[in-house]
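*Asks:* Numbering-wise, the sequence shown is residues 1 to 507 according to my numbering.
A few of these clues could be false.
[Claimed, not checked] Okay, derived cross-link-like pairs now, DSSO-like style, lysine-lysine, Cα gap no bigger than 27 angstroms in a straight line:
1. 194 / 225
2. 322 / 377
3. 229 / 132
4. 132 / 396
5. 183 / 194
6. 156 / 194
7. 225 / 183
8. 194 / 217
9. 156 / 136
10. 183 / 139
11. 156 / 408
12. 381 / 408
13. 170 / 149
14. 144 / 183
15. 315 / 169
16. 169 / 149
17. 225 / 169
18. 132 / 421
19. 132 / 169
20. 463 / 322
21. 170 / 183
22. 144 / 463
23. 156 / 132
24. 381 / 396
25. 381 / 469
26. 421 / 144
[Stated by the list, open to error] Label pairs and their in silico Cβ distance ranges:
27. 312 / 128: 46 to 56 angstroms
28. 193 / 485: 52 to 62 angstroms
29. 57 / 163: 19 to 29 angstroms
30. 39 / 221: 43 to 53 angstroms
Hints listed in this document are in silico derivations from the structure and should not be mistaken for laboratory results.
These numbers come from a predicted model, not from an experiment.
Glycine residues also receive a C-beta, built at the ideal position from the N, C-alpha and C atoms.
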Amino acid sequence: MKKFFNLLFSRMVMTALLVVIQIVFFIVQLIILKSYSVYINIGLTILSIVVGAYIISRDMNPSIKLAWIVPIMMFPLFGGLLYILYGHVVIPRKLKKNLLRIKEQEVYEDLYGVDSNSAEILVDDPPYRLMKYTEKYSKAPVYKGGVEKYYSMGDKVFPDLIHDLEHAKKYIFLEFFIINHGKVWDDILEVLVKKVAEGVEVRVIYDDVGSVFYVNKNYWKELEKMGIKCICFNQIFPFMATILNNRDHRKIAVIDGNIAYTGGFNLSDEYANITHPFGTWKDSGIRMEGGAAFRFTIMFLQMWNTSRFTEASYKRFIPEIKEHPHIGYLQPYYSNPLSVEHAGESIYLQVINDARNYIYVFTPYFITGSELMMAIKLAAKRGIDVRIVTPGIPDKKFIYRMTQSSYKELVEAGVRIYQYKPGFIHSKVILCDDSLASVGSINMDNRSFYHHFECGVLIYMSKVIADIKRDFLQTFDECDEIDVSWCNRRRSRMLVDAVLKLLSPLL
1 MKKFFNLLFS
11 RMVMTALLVV
21 IQIVFFIVQL
31 IILKSYSVYI
41 NIGLTILSIV
51 VGAYIISRDM
61 NPSIKLAWIV
71 PIMMFPLFGG
81 LLYILYGHVV
91 IPRKLKKNLL
101 RIKEQEVYED
111 LYGVDSNSAE
121 ILVDDPPYRL
131 MKYTEKYSKA
141 PVYKGGVEKY
151 YSMGDKVFPD
161 LIHDLEHAKK
171 YIFLEFFIIN
181 HGKVWDDILE
191 VLVKKVAEGV
201 EVRVIYDDVG
211 SVFYVNKNYW
221 KELEKMGIKC
231 ICFNQIFPFM
241 ATILNNRDHR
251 KIAVIDGNIA
261 YTGGFNLSDE
271 YANITHPFGT
281 WKDSGIRMEG
291 GAAFRFTIMF
301 LQMWNTSRFT
311 EASYKRFIPE
321 IKEHPHIGYL
331 QPYYSNPLSV
341 EHAGESIYLQ
351 VINDARNYIY
361 VFTPYFITGS
371 ELMMAIKLAA
381 KRGIDVRIVT
391 PGIPDKKFIY
401 RMTQSSYKEL
411 VEAGVRIYQY
421 KPGFIHSKVI
431 LCDDSLASVG
441 SINMDNRSFY
451 HHFECGVLIY
461 MSKVIADIKR
471 DFLQTFDECD
481 EIDVSWCNRR
491 RSRMLVDAVL
501 KLLSPLL
């Protein structure tokens, strides 16, 4: 039944329905409105020109502009509706207003009692420019590291997470795209209910679209009855398809402001490899302590205040400052659909452009605009060892086909592409030159870059860099490498791949 509903509400089905609407519209136009067809055509043509001009005038990726203009001009009704459903960033007015206001309140220097540590990074170091950019445009201070732990598989995260939840004294904040009934969520929920009884404040945010097939419509009310404060983010309603665009795709867990987790994992059994819908599910995560952990506390509270339309102060959540051995730096960051900077894409671009030796990437989807594609190819052409790991078993076959449509030009440019043989890779990690990495929720696709709320953490010269590299090297051994001969065997699909590449910026 779940697969049926997933198919029913998939973009492919929605797109097919819009094509049918287009055909029916023209049939009606020819048969019933024959005498008015000239005026209708003129009106739709004018509408297409106006919408096309609007898209051209927007500050957006040129490849995305082109990909939208083609269907809008070819199919005035179909193209326009498709843009309204999936292209235009429409956030409810009240939510948008509150998000902008919360953003203006950003103050971090005096919340944790320390200034940003970006000044300690040498100006000549490649990460310096990236961290200064992220600090300025993503309001992301740099914190001293030293107590981080990287998880190469999702099933390694949950025992530590549950242990930390069990030892919470003041508050627990959880923000995830998906909550799904099963052992993972049931075990966590049992701990949350216990902590509520002990007087610990527990708050949960889950995304309505992400969890729509896993929990009932009013599940947030059930959690509230248990004493857990809960928000179902950006609830969907019939005929409000634009809401599908702007989802809370972040993954955040905070315990007492001193410990935080982020990564690609959600609160569902497949992430712990308890169930195996697509073979072995490989995901990643990172645990932090100290200032970086409290930064995730602020990020959670900003989303909470935005969704509840409140202005609650962060100050009562400030933890006692604990001194830790200092090794490297951490910079938690976020991106949202309202920002013209598109922090996720910009950070990836700068990491790639600043690389001197190698770039390793885990991503479940590879559907990018022309800028990121060009940056990756140029890096490989200038001698950088660029390797990208994608799934061997896809969760979405159509999106997987679009990912594969980029392989040929990447491989011909010198990029090494790997497919993870054991199953599905859901990790979102980029590693550069034994010194810099990013772990978080951001996929290498346009929905993550432009349409969703996302988060991650930049890691510089931390001890976990070695763990991340070890994970990559071990994973390469579990993969099939794509070569030119593999790409050439797909020549019968070249026409389809060309169409998919044209449409890829829309997804």
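*Asks:* Decide, hint by hint, whether the structure agrees.
*Replies:* Taking the hints in turn, this is what the structure says about them:
For the given pair, residue 194 sits about 14 angstroms from residue 225 by alpha-carbon distance, which is consistent with the 27 angstroms threshold. Taken as a hint, the residue 322 and residue 377 pair is broken in the structure, with Cα atoms around 44 angstroms apart against an allowance of 27 angstroms. Distance check on the hinted pair: residue 229 and residue 132 sit about 36 angstroms apart at the alpha-carbon level, beyond 27 angstroms; violated. Distance check on the hinted pair: residue 132 and residue 396 sit about 37 angstroms apart at the alpha-carbon level, beyond 27 angstroms; violated.
Our distance criterion of 27 angstroms between C-alpha atoms is met by residue 183 and residue 194, whose separation comes to about 17 angstroms. As the CA atoms of residue 156 and residue 194 are separated by approximately 23 angstroms, the hinted pair is consistent with the 27 angstroms bound. For the given pair, residue 225 sits about 21 angstroms from residue 183 by alpha-carbon distance, which is consistent with the 27 angstroms threshold. For the proposed pair residue 194 and residue 217, the alpha carbon gap of about 24 angstroms is at most 27 angstroms, so the pair holds.
Restraint check for residue 156 and residue 136: not satisfied, since their Cα atoms lie roughly 34 angstroms apart, outside the 27 angstroms limit. Proposed proximity of residue 183 and residue 139 is contradicted: the alpha carbons are some 37 angstroms apart, above 27 angstroms. With a CA separation close to 35 angstroms, the supplied pair residue 156 and residue 408 exceeds the 27 angstroms bound. Note on residue 381 and residue 408: the hinted pairing holds, with a Cα-Cα distance of about 15 angstroms set against a maximum of 27 angstroms.
With a CA separation close to 23 angstroms, the supplied pair residue 170 and residue 149 stays within the 27 angstroms bound. Restraint check for residue 144 and residue 183: the C-alpha separation of about 35 angstroms exceeds 27 angstroms, so the hint is violated. For the hint pairing residue 315 with residue 169, the CA-to-CA distance comes to about 17 angstroms; that is within 27 angstroms, so the pair holds. A threshold of 27 angstroms between alpha carbons decides the hint, and for residue 169 with residue 149 the separation of about 22 angstroms falls inside it, so the pair holds.
Among the hinted pairs, residue 225 with residue 169 is consistent with the structure: their alpha-carbon atoms are about 21 angstroms apart, no more than 27 angstroms. For the given pair, residue 132 sits about 38 angstroms from residue 421 by alpha-carbon distance, which is inconsistent with the 27 angstroms threshold. In summary, the hint linking residue 132 to residue 169 is not supported, as the alpha carbons are separated by about 35 angstroms, beyond the 27 angstroms threshold. Pair hint residue 463 plus residue 322 holds up; C-alpha atoms about 19 angstroms apart against a cutoff of 27 angstroms.
For the given pair, residue 170 sits about 25 angstroms from residue 183 by alpha-carbon distance, which is consistent with the 27 angstroms threshold. About 12 angstroms separates the Cα atoms of residue 144 and residue 463, which keeps this hinted pair within 27 angstroms; it holds. Taking the CA atoms of residue 156 and residue 132, the gap is about 33 angstroms. The hint is violated against a cut of 27 angstroms. The straight-line distance between the Cα atoms of residue 381 and residue 396 is roughly 31 angstroms, outside the 27 angstroms bound, and the hint therefore fails.
Between residue 381 and residue 469 the alpha-carbon distance is near 22 angstroms, which keeps this suggested pair within the 27 angstroms criterion. The suggested pairing of residue 421 with residue 144 is violated, with an alpha-carbon distance near 37 angstroms, which exceeds 27 angstroms. At about 35 angstroms, the CB distance of residue 312 to residue 128 disagrees with the hint of 46 to 56 angstroms. For residue 193 and residue 485, the Cβ-Cβ distance of about 56 angstroms falls inside the hinted range of 52 to 62 angstroms, so the restraint holds.
Evaluation of the 19 to 29 angstroms hint for residue 57 and residue 163 yields a failure: the beta carbon distance comes to about 53 angstroms. A hinted range of 43 to 53 angstroms for the beta carbons of residue 39 and residue 221 is consistent with their spacing of about 50 angstroms.
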